[in-house]
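Visitor: Residues per chain, in single letters:
Protein chains: 2
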Amino acid sequence: MRIITISREFGSGGREFGKRLADALHIPCYDHEIIDMIAEQHGFDKNYVAHFSEKAILAAYPLTIGRRLSVSSAINQQHFDIAGAQRKIIRQFALQGDCVIIGRGADAILRDMCPLNIFVYASLASKLHRCRERATAGETYTDKNLLRIMKKIDQERASLHELVGNTPWGKRESYHLCVNTSDLEIKSLIPALAAFAENWFTQQSDKQYR
Amino acid sequence: MRIITISREFGSGGREFGKRLADALHIPCYDHEIIDMIAEQHGFDKNYVAHFSEKAILAAYPLTIGRRLSVSSAINQQHFDIAGAQRKIIRQFALQGDCVIIGRGADAILRDMCPLNIFVYASLASKLHRCRERATAGETYTDKNLLRIMKKIDQERASLHELVGNTPWGKRESYHLCVNTSDLEIKSLIPALAAFAENWFTQQSDKQYR
Numbered sequence: 000m001r002i003i004t005i006s007r008e009f010g011s012g013g014r015e016f017g018k019r020l021a022d023a024l025h026i027p028c029y030d031h032e033i034i035d036m037i038a039e040q041h042g043f044d045k046n047y048v049a050h051f052s053e054k055a056i057l058a059a060y061p062l063t064i065g066r067r068l069s070v071s072s073a074i075n076q077q078h079f080d081i082a083g084a085q086r087k088i089i090r091q092f093a094l095q096g097d098c099v100i101i102g103r104g105a106d107a108i109l110r111d112m113c114p115l116n117i118f119v120y121a122s123l124a125s126k127l128h129r130c131r132e133r134a135t136a137g138e139t140y141t142d143k144n145l146l147r148i149m150k151k152i153d154q155e156r157a158s159l160h161e162l163v164g165n166t167p168w169g170k171r172e173s174y175h176l177c178v179n180t181s182d183l184e185i186k187s188l189i190p191a192l193a194a195f196a197e198n199w200f201t202q203q204s205d206k207q208y209r
Numbered sequence: 000m001r002i003i004t005i006s007r008e009f010g011s012g013g014r015e016f017g018k019r020l021a022d023a024l025h026i027p028c029y030d031h032e033i034i035d036m037i038a039e040q041h042g043f044d045k046n047y048v049a050h051f052s053e054k055a056i057l058a059a060y061p062l063t064i065g066r067r068l069s070v071s072s073a074i075n076q077q078h079f080d081i082a083g084a085q086r087k088i089i090r091q092f093a094l095q096g097d098c099v100i101i102g103r104g105a106d107a108i109l110r111d112m113c114p115l116n117i118f119v120y121a122s123l124a125s126k127l128h129r130c131r132e133r134a135t136a137g138e139t140y141t142d143k144n145l146l147r148i149m150k151k152i153d154q155e156r157a158s159l160h161e162l163v164g165n166t167p168w169g170k171r172e173s174y175h176l177c178v179n180t181s182d183l184e185i186k187s188l189i190p191a192l193a194a195f196a197e198n199w200f201t202q203q204s205d206k207q208y209r
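So the protein sequences, as listed, match chains A and B.
Numbering that gives the first Met the number 0 numbers the first residue of the first sequence as 0 and each following residue consecutively.
Numbering that gives the first Met the number 0 numbers the first residue of the second sequence as 0 and each following residue consecutively.
It is worth saying that the hints were derived from the structure and are not from the lab.
Since the model is a prediction, treat every value here as computed from it, not as a measurement.
Accuracy of the hints is not assured; some may be wrong.
Remember, identical chains collapse to one label, so a pair may be satisfied in a single copy or spanning two.
Unchecked claim - Under the rule of at most 20 Å between Cα atoms (straight-line distance), these lysine to any residue pairs were calculated in the SDA-like manner:
id : residue 1 : residue 2
1  : K150      : R14
2  : K143      : F9
3  : K170      : A157
4  : K143      : Q91
5  : K18       : N165
6  : K150      : C28
7  : K170      : R1
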């Protein structure tokens, strides 16, 4: 089974990276698809679910770890439902076959299935540039605003990771490969990284049958 | 110009990684060669120089940074000579043309030449296994001893890096790619990583002429 998880800093192009890597390997990629399926199964408003998706998992673990977001019990119940569903769906996807899963603590959730875990990051300048490039018309964030948003989202991702797994988010020890996308076109990086992934899985399976 | 620097944890196979990468790219690789040349130029005993090579650079910067090893002034003068010569030789090598340089703070020393900086690391278990595999007959280190040596050498590397440059050793922000070699055969990883390097340099030179 070839399961690849992509963890990424906001603005590093990690989502594009994951999608292109999946295309190159001819395997499915799950990102918004996960959210869509949860929304469908649970009947929540899709935008609402997308917005809260990572905070949601965070809020779903308060009883085990003794931490919680200050949300009302009604919203918390919704978060719990979403987080539980996400975890289930991530495992279902992985059990179905080869795939790339972006974010949502999949590396920690799937640890027992030995995925290839990749972290995608970039310099602040490069992340600001990417955010500006992909901003839709009418979005007028200042650099200061963007940096604040970036930091907040990455902090949420780190907190989520801390709750679903034992390995720290963003630390190289937690990953098999960390790729700095600063000033690089992601598209043309992919053939080499697909070859890396293919070799990595070959070595894992050779080891298994030794 | 294609200059690649390899920084590595002790026992991660970083030296093999650098040498094989250089072979795949058909460019020279400098490691002990640097030490040899220093030894030749300065007439020091080669084993002595090899043993102190990284500590040497560390000791060469006490006046600028206000830190020093507790060494006698005579030894310190030798260290200073070695460190200065190493820096010069690293820059000479880089100016001569495409190459891979392993360790010795080359990523920091050559920052203005925009090298591709790669960090090679591995899990403790994997590093112990590699150390055992490459130990010569008669070496009977316990795991505890090996771990102590590993830690000490990596600490020296980190201190050296801190002194020659402004970027922290071993933190992903300081590198373009971080490769975890745990339980992997390095040889078969190389084609993908050579392709990554080729693409990285192509993108850099495209940018230059844009």
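Visitor: Each of the hints needs a verdict: does it hold here or not?
Guide: Okay, the hints, checked on the actual structure:
For a Cα distance limit of 20 Å, the shortest separation of K150 from R14 inside one copy, 17 Å, qualifies, whereas the shortest one across copies, 36 Å, does not. For the homomeric pair K143 and F9, the shortest alpha-carbon distance inside one copy (15 Å) is at most 20 Å, but the shortest distance between copies (40 Å) is not. For the homomeric pair K170 and A157, the shortest alpha-carbon distances inside one copy (10 Å) and between copies (17 Å) are both at most 20 Å. Taking CA atoms no more than 20 Å apart as the test, K143 paired with Q91 passes in neither setting, with 40 Å inside one copy and 42 Å between copies.
For the identical chains of this complex, K18 and N165 are neighbours neither inside a copy (26 Å) nor across copies (35 Å), given an alpha-carbon limit of 20 Å. With identical chains, the CA atoms of K150 and C28 are never at most 20 Å apart, being 26 Å at best within one copy and 39 Å at best between copies. For a Cα distance limit of 20 Å, the shortest separation of K170 from R1 qualifies neither inside one copy, at 23 Å, nor across copies, at 28 Å.
Going down the numbered hints, you'll see the structure goes against 4, 5, 6, 7, while the others check out.
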